[in-house]
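Make the full structure from the sequences, and use the hints.
Just so it is clear: in the sequence shown, position 135 is 134 by numbering that gives the first Met the number 0, and no numbers are missing.
The reader is advised that the hints may include incorrect statements.
Beta-carbon label-pair distances, calculated as ranges [what the hints assert, rightly or not]: (1) D265 with G54: 52 to 62 Å; (2) R277 with T56: 37 to 47 Å; (3) E162 with P2: 25 to 35 Å.
Straight-line distance between alpha carbons at most 20 Å, and here's what the computed SDA-like set of lysine to any residue pairs gives [stated by the list, open to error]: (4) K280 with S91; (5) K57 with S91; (6) K57 with V152; (7) K220 with K57.
These aren't lab readings, by the way, just hints derived from the structure by calculation.
No residue lacks a Cβ here, since even glycine has one placed at the ideal position from N, Cα and C.
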Amino acid sequence: MPPFASYLRVYEPLIAFERARQQHWRRYLAANRAVPQALGPARQRRTVLEALGAGWTKLPELPDEAYSVTDGEVTLVCPWDLRVQVAQGVLSARRGVPAALADAFVPPALTAVAERVVADWRTAADPLGDLRTGGGALTEHDQLLHELVSGWVVPARWFAFVEYDERRAGLAPTERHVRYRTSMARARRRAHRALAVMRRTVGEHAPMTLAVENDARWLEKFHPRSVVELDYGGLVYLMGDRELLDDDSPRVVADTLAALARGDTDAAGELYSDLLERWRKVQLRERRN
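The following block contains the structure:
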(Lines of atoms letter the chains of each structure in order from A; the text may use other names.)
(Lines give C-alpha, C1' and ligand atoms only; values in the text may rest on other atoms or scores of the structure.)
Protein backbone atom coordinates (compact mmCIF):
# COMPACT_ATOMS: atom_id res chain seq x y z
CA MET A 0 0.00 0.00 0.00
CA PRO A 1 1.49 3.40 -0.97
CA PRO A 2 1.52 6.30 1.50
CA PHE A 3 -1.71 8.27 1.71
CA ALA A 4 -0.27 11.30 -0.07
CA SER A 5 -0.59 13.25 -3.32
CA TYR A 6 2.22 14.47 -5.55
CA LEU A 7 2.99 17.36 -7.88
CA ARG A 8 5.85 16.37 -10.17
CA VAL A 9 7.90 17.93 -12.93
CA TYR A 10 9.46 15.74 -15.62
CA GLU A 11 12.32 17.40 -17.52
CA PRO A 12 14.00 16.55 -20.81
CA LEU A 13 17.57 15.31 -20.43
CA ILE A 14 18.95 18.49 -22.00
CA ALA A 15 17.82 20.35 -18.87
CA PHE A 16 20.55 18.63 -16.83
CA GLU A 17 24.26 19.28 -16.84
CA ARG A 18 26.40 16.87 -18.85
CA ALA A 19 27.28 14.31 -16.18
CA ARG A 20 23.68 14.07 -15.07
CA GLN A 21 22.52 13.65 -18.66
CA GLN A 22 24.88 10.72 -19.05
CA HIS A 23 23.70 9.20 -15.79
CA TRP A 24 20.02 9.39 -16.74
CA ARG A 25 20.69 8.06 -20.24
CA ARG A 26 22.35 4.98 -18.75
CA TYR A 27 19.54 4.71 -16.21
CA LEU A 28 16.84 4.78 -18.90
CA ALA A 29 18.76 2.44 -21.21
CA ALA A 30 18.89 -0.10 -18.36
CA ASN A 31 15.09 0.20 -18.01
CA ARG A 32 15.45 1.19 -14.35
CA ALA A 33 12.83 3.98 -14.22
CA VAL A 34 10.30 3.25 -11.48
CA PRO A 35 6.57 3.09 -12.39
CA GLN A 36 4.56 5.84 -10.71
CA ALA A 37 2.26 3.25 -9.13
CA LEU A 38 5.19 1.57 -7.37
CA GLY A 39 7.33 4.59 -6.57
CA PRO A 40 5.75 5.98 -3.38
CA ALA A 41 5.74 2.63 -1.57
CA ARG A 42 9.32 1.97 -2.68
CA GLN A 43 10.37 5.42 -1.50
CA ARG A 44 8.88 4.79 1.93
CA ARG A 45 10.46 1.36 2.24
CA THR A 46 13.86 2.67 1.13
CA VAL A 47 13.75 5.55 3.59
CA LEU A 48 12.70 3.41 6.56
CA GLU A 49 15.48 0.93 5.83
CA ALA A 50 18.00 3.75 5.51
CA LEU A 51 16.98 5.45 8.76
CA GLY A 52 17.71 2.28 10.71
CA ALA A 53 16.70 1.44 14.27
CA GLY A 54 16.20 4.56 16.34
CA TRP A 55 16.23 6.86 13.32
CA THR A 56 19.74 8.12 13.95
CA LYS A 57 21.26 8.07 10.46
CA LEU A 58 20.52 9.24 6.93
CA PRO A 59 22.96 7.60 4.50
CA GLU A 60 23.08 8.04 0.77
CA LEU A 61 19.87 6.86 -0.90
CA PRO A 62 19.41 5.33 -4.37
CA ASP A 63 19.44 7.83 -7.24
CA GLU A 64 16.08 6.89 -8.77
CA ALA A 65 13.57 8.63 -11.03
CA TYR A 66 10.20 8.38 -12.75
CA SER A 67 10.00 8.84 -16.51
CA VAL A 68 7.36 9.71 -19.10
CA THR A 69 7.40 10.11 -22.87
CA ASP A 70 6.19 13.29 -24.54
CA GLY A 71 6.07 12.61 -28.26
CA GLU A 72 9.52 11.25 -29.07
CA VAL A 73 11.18 12.85 -26.05
CA THR A 74 11.76 10.96 -22.79
CA LEU A 75 11.64 13.06 -19.64
CA VAL A 76 12.66 12.23 -16.08
CA CYS A 77 11.54 13.25 -12.62
CA PRO A 78 14.44 12.58 -10.20
CA TRP A 79 13.47 11.58 -6.68
CA ASP A 80 16.21 13.54 -4.83
CA LEU A 81 15.15 11.36 -1.95
CA ARG A 82 17.86 12.19 0.61
CA VAL A 83 17.18 15.92 0.41
CA GLN A 84 13.41 15.33 0.49
CA VAL A 85 13.76 13.26 3.66
CA ALA A 86 16.02 15.82 5.30
CA GLN A 87 13.59 18.62 4.53
CA GLY A 88 10.71 16.50 5.82
CA VAL A 89 12.56 15.88 9.10
CA LEU A 90 13.08 19.60 9.67
CA SER A 91 9.54 20.44 8.61
CA ALA A 92 8.13 17.91 11.10
CA ARG A 93 9.85 19.76 13.95
CA ARG A 94 8.81 23.25 12.88
CA GLY A 95 6.37 24.87 15.29
CA VAL A 96 6.40 21.88 17.67
CA PRO A 97 7.68 22.14 21.29
CA ALA A 98 11.22 20.80 21.55
CA ALA A 99 10.38 17.97 23.95
CA LEU A 100 7.57 16.73 21.70
CA ALA A 101 9.65 17.15 18.55
CA ASP A 102 12.51 15.13 20.08
CA ALA A 103 10.10 12.31 20.85
CA PHE A 104 9.13 11.96 17.20
CA VAL A 105 12.33 13.08 15.46
CA PRO A 106 15.52 12.19 17.38
CA PRO A 107 18.03 15.05 17.77
CA ALA A 108 20.71 12.93 16.10
CA LEU A 109 18.60 12.64 12.94
CA THR A 110 17.79 16.35 13.09
CA ALA A 111 21.51 17.19 13.13
CA VAL A 112 22.10 14.99 10.08
CA ALA A 113 19.13 16.52 8.27
CA GLU A 114 20.35 20.05 8.96
CA ARG A 115 23.75 19.13 7.54
CA VAL A 116 22.26 17.54 4.41
CA VAL A 117 20.06 20.58 3.68
CA ALA A 118 22.90 23.02 4.45
CA ASP A 119 25.26 21.18 2.09
CA TRP A 120 22.61 21.15 -0.61
CA ARG A 121 21.94 24.87 -0.24
CA THR A 122 25.58 25.93 -0.05
CA ALA A 123 26.61 24.05 -3.19
CA ALA A 124 28.29 21.07 -1.56
CA ASP A 125 28.25 18.37 -4.23
CA PRO A 126 25.77 15.58 -3.26
CA LEU A 127 26.33 13.63 -6.48
CA GLY A 128 29.75 12.25 -5.62
CA ASP A 129 31.63 10.80 -8.59
CA LEU A 130 28.68 11.38 -10.92
CA ARG A 131 29.85 14.96 -11.33
CA THR A 132 33.15 15.62 -13.06
CA GLY A 133 35.38 18.23 -11.52
CA GLY A 134 33.13 19.15 -8.54
CA GLY A 135 32.40 22.83 -8.15
CA ALA A 136 29.30 24.80 -7.25
CA LEU A 137 25.85 23.55 -7.97
CA THR A 138 23.68 25.55 -10.31
CA GLU A 139 20.24 26.78 -9.26
CA HIS A 140 18.78 23.99 -11.38
CA ASP A 141 20.77 21.37 -9.45
CA GLN A 142 19.08 22.58 -6.27
CA LEU A 143 15.52 21.98 -7.52
CA LEU A 144 13.30 19.29 -6.10
CA HIS A 145 11.19 17.77 -8.86
CA GLU A 146 8.45 16.41 -6.60
CA LEU A 147 6.21 18.10 -4.02
CA VAL A 148 4.33 15.89 -1.55
CA SER A 149 1.13 16.53 0.42
CA GLY A 150 -0.09 14.05 3.02
CA TRP A 151 -3.75 13.01 3.17
CA VAL A 152 -5.06 15.66 0.76
CA VAL A 153 -4.55 17.28 -2.64
CA PRO A 154 -3.91 21.00 -2.04
CA ALA A 155 -6.68 22.97 -3.76
CA ARG A 156 -4.21 25.27 -5.52
CA TRP A 157 -2.65 22.34 -7.41
CA PHE A 158 -5.91 21.90 -9.31
CA ALA A 159 -5.42 25.37 -10.80
CA PHE A 160 -2.45 24.06 -12.82
CA VAL A 161 -4.36 21.31 -14.66
CA GLU A 162 -7.67 20.83 -16.46
CA TYR A 163 -10.21 18.06 -16.08
CA ASP A 164 -9.73 16.88 -19.69
CA GLU A 165 -6.08 16.07 -18.87
CA ARG A 166 -7.16 13.43 -16.39
CA ARG A 167 -5.97 9.81 -16.61
CA ALA A 168 -7.70 7.32 -14.32
CA GLY A 169 -7.57 3.61 -13.71
CA LEU A 170 -9.69 1.80 -11.16
CA ALA A 171 -8.47 -1.76 -11.62
CA PRO A 172 -7.34 -3.37 -8.33
CA THR A 173 -3.85 -3.92 -9.75
CA GLU A 174 -3.47 -0.36 -11.13
CA ARG A 175 -5.62 2.15 -9.27
CA HIS A 176 -4.68 5.74 -10.02
CA VAL A 177 -5.83 9.24 -10.89
CA ARG A 178 -3.29 11.52 -12.57
CA TYR A 179 -3.35 14.76 -14.54
CA ARG A 180 -0.55 15.60 -16.99
CA THR A 181 -0.03 18.84 -18.83
CA SER A 182 2.73 20.79 -20.53
CA MET A 183 4.83 23.19 -18.52
CA ALA A 184 3.65 26.05 -20.74
CA ARG A 185 0.01 25.37 -19.86
CA ALA A 186 0.73 24.87 -16.17
CA ARG A 187 2.66 28.15 -15.96
CA ARG A 188 -0.01 30.06 -17.83
CA ARG A 189 -2.74 28.74 -15.54
CA ALA A 190 -0.66 29.40 -12.43
CA HIS A 191 -0.06 33.03 -13.39
CA ARG A 192 -3.69 33.53 -14.36
CA ALA A 193 -4.82 32.17 -10.99
CA LEU A 194 -2.25 34.31 -9.21
CA ALA A 195 -3.41 37.47 -10.98
CA VAL A 196 -7.03 36.81 -10.03
CA MET A 197 -6.18 36.08 -6.42
CA ARG A 198 -3.94 39.11 -6.01
CA ARG A 199 -6.71 41.32 -7.32
CA THR A 200 -9.57 39.77 -5.35
CA VAL A 201 -8.20 37.97 -2.29
CA GLY A 202 -5.14 40.12 -1.67
CA GLU A 203 -1.41 39.86 -2.33
CA HIS A 204 -0.58 38.76 1.19
CA ALA A 205 -3.38 36.24 1.72
CA PRO A 206 -1.97 32.80 2.65
CA MET A 207 -3.54 31.10 -0.39
CA THR A 208 -2.18 33.79 -2.74
CA LEU A 209 1.31 33.37 -1.31
CA ALA A 210 1.07 29.58 -1.67
CA VAL A 211 0.07 29.86 -5.34
CA GLU A 212 2.86 32.40 -5.89
CA ASN A 213 5.40 30.03 -4.35
CA ASP A 214 4.32 27.16 -6.62
CA ALA A 215 4.28 29.44 -9.67
CA ARG A 216 7.88 30.44 -8.96
CA TRP A 217 8.82 26.79 -8.56
CA LEU A 218 7.36 25.95 -11.97
CA GLU A 219 9.24 28.82 -13.59
CA LYS A 220 12.60 27.30 -12.64
CA PHE A 221 12.26 24.20 -14.82
CA HIS A 222 12.92 23.64 -18.52
CA PRO A 223 10.07 25.04 -20.66
CA ARG A 224 9.62 21.67 -22.42
CA SER A 225 8.88 19.90 -19.15
CA VAL A 226 5.71 18.01 -18.24
CA VAL A 227 3.76 18.63 -15.02
CA GLU A 228 1.91 15.80 -13.29
CA LEU A 229 -0.61 15.89 -10.45
CA ASP A 230 -0.93 12.40 -8.96
CA TYR A 231 -3.49 11.42 -6.31
CA GLY A 232 -1.04 8.74 -5.19
CA GLY A 233 -2.26 6.60 -2.31
CA LEU A 234 -5.34 8.77 -1.78
CA VAL A 235 -7.14 6.66 -4.38
CA TYR A 236 -7.26 3.87 -1.79
CA LEU A 237 -9.18 6.13 0.59
CA MET A 238 -11.82 6.93 -2.03
CA GLY A 239 -14.48 4.74 -3.62
CA ASP A 240 -14.82 4.20 -7.37
CA ARG A 241 -17.85 6.48 -7.66
CA GLU A 242 -16.15 9.14 -5.56
CA LEU A 243 -13.16 9.13 -7.91
CA LEU A 244 -15.26 9.01 -11.08
CA ASP A 245 -17.37 11.96 -9.93
CA ASP A 246 -14.42 14.03 -8.77
CA ASP A 247 -14.10 17.18 -10.90
CA SER A 248 -11.89 19.27 -8.62
CA PRO A 249 -10.02 21.06 -11.47
CA ARG A 250 -13.37 22.25 -12.87
CA VAL A 251 -14.47 23.48 -9.44
CA VAL A 252 -11.25 25.45 -8.98
CA ALA A 253 -11.55 26.90 -12.49
CA ASP A 254 -15.16 27.92 -11.79
CA THR A 255 -14.12 29.45 -8.46
CA LEU A 256 -11.44 31.56 -10.11
CA ALA A 257 -13.88 32.61 -12.85
CA ALA A 258 -16.41 33.71 -10.23
CA LEU A 259 -13.74 35.70 -8.40
CA ALA A 260 -12.64 37.31 -11.66
CA ARG A 261 -16.16 38.59 -12.40
CA GLY A 262 -16.67 39.77 -8.82
CA ASP A 263 -19.16 37.11 -7.77
CA THR A 264 -17.69 36.42 -4.34
CA ASP A 265 -20.78 34.58 -3.10
CA ALA A 266 -20.56 31.99 -5.88
CA ALA A 267 -16.80 31.71 -5.46
CA GLY A 268 -17.16 31.17 -1.73
CA GLU A 269 -19.80 28.50 -2.15
CA LEU A 270 -17.78 26.62 -4.76
CA TYR A 271 -14.60 26.75 -2.73
CA SER A 272 -16.37 25.68 0.47
CA ASP A 273 -17.84 22.66 -1.32
CA LEU A 274 -14.39 21.72 -2.61
CA LEU A 275 -12.80 22.01 0.83
CA GLU A 276 -15.56 19.92 2.36
CA ARG A 277 -15.09 17.24 -0.31
CA TRP A 278 -11.41 16.91 0.48
CA ARG A 279 -11.88 17.37 4.23
CA LYS A 280 -13.82 14.10 4.22
CA VAL A 281 -10.79 12.40 2.69
CA GLN A 282 -8.35 14.12 5.04
CA LEU A 283 -10.35 13.18 8.16
CA ARG A 284 -9.81 9.51 7.37
CA GLU A 285 -6.33 9.99 8.84
CA ARG A 286 -8.01 9.95 12.26
CA ARG A 287 -10.08 6.81 11.83
CA ASN A 288 -7.76 4.72 14.03
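Next on the checklist: Are any of the numbered hints broken by this structure? If so, which, sorted upward?
Outcome noted: Those not satisfied are hints 4, 6, 7.
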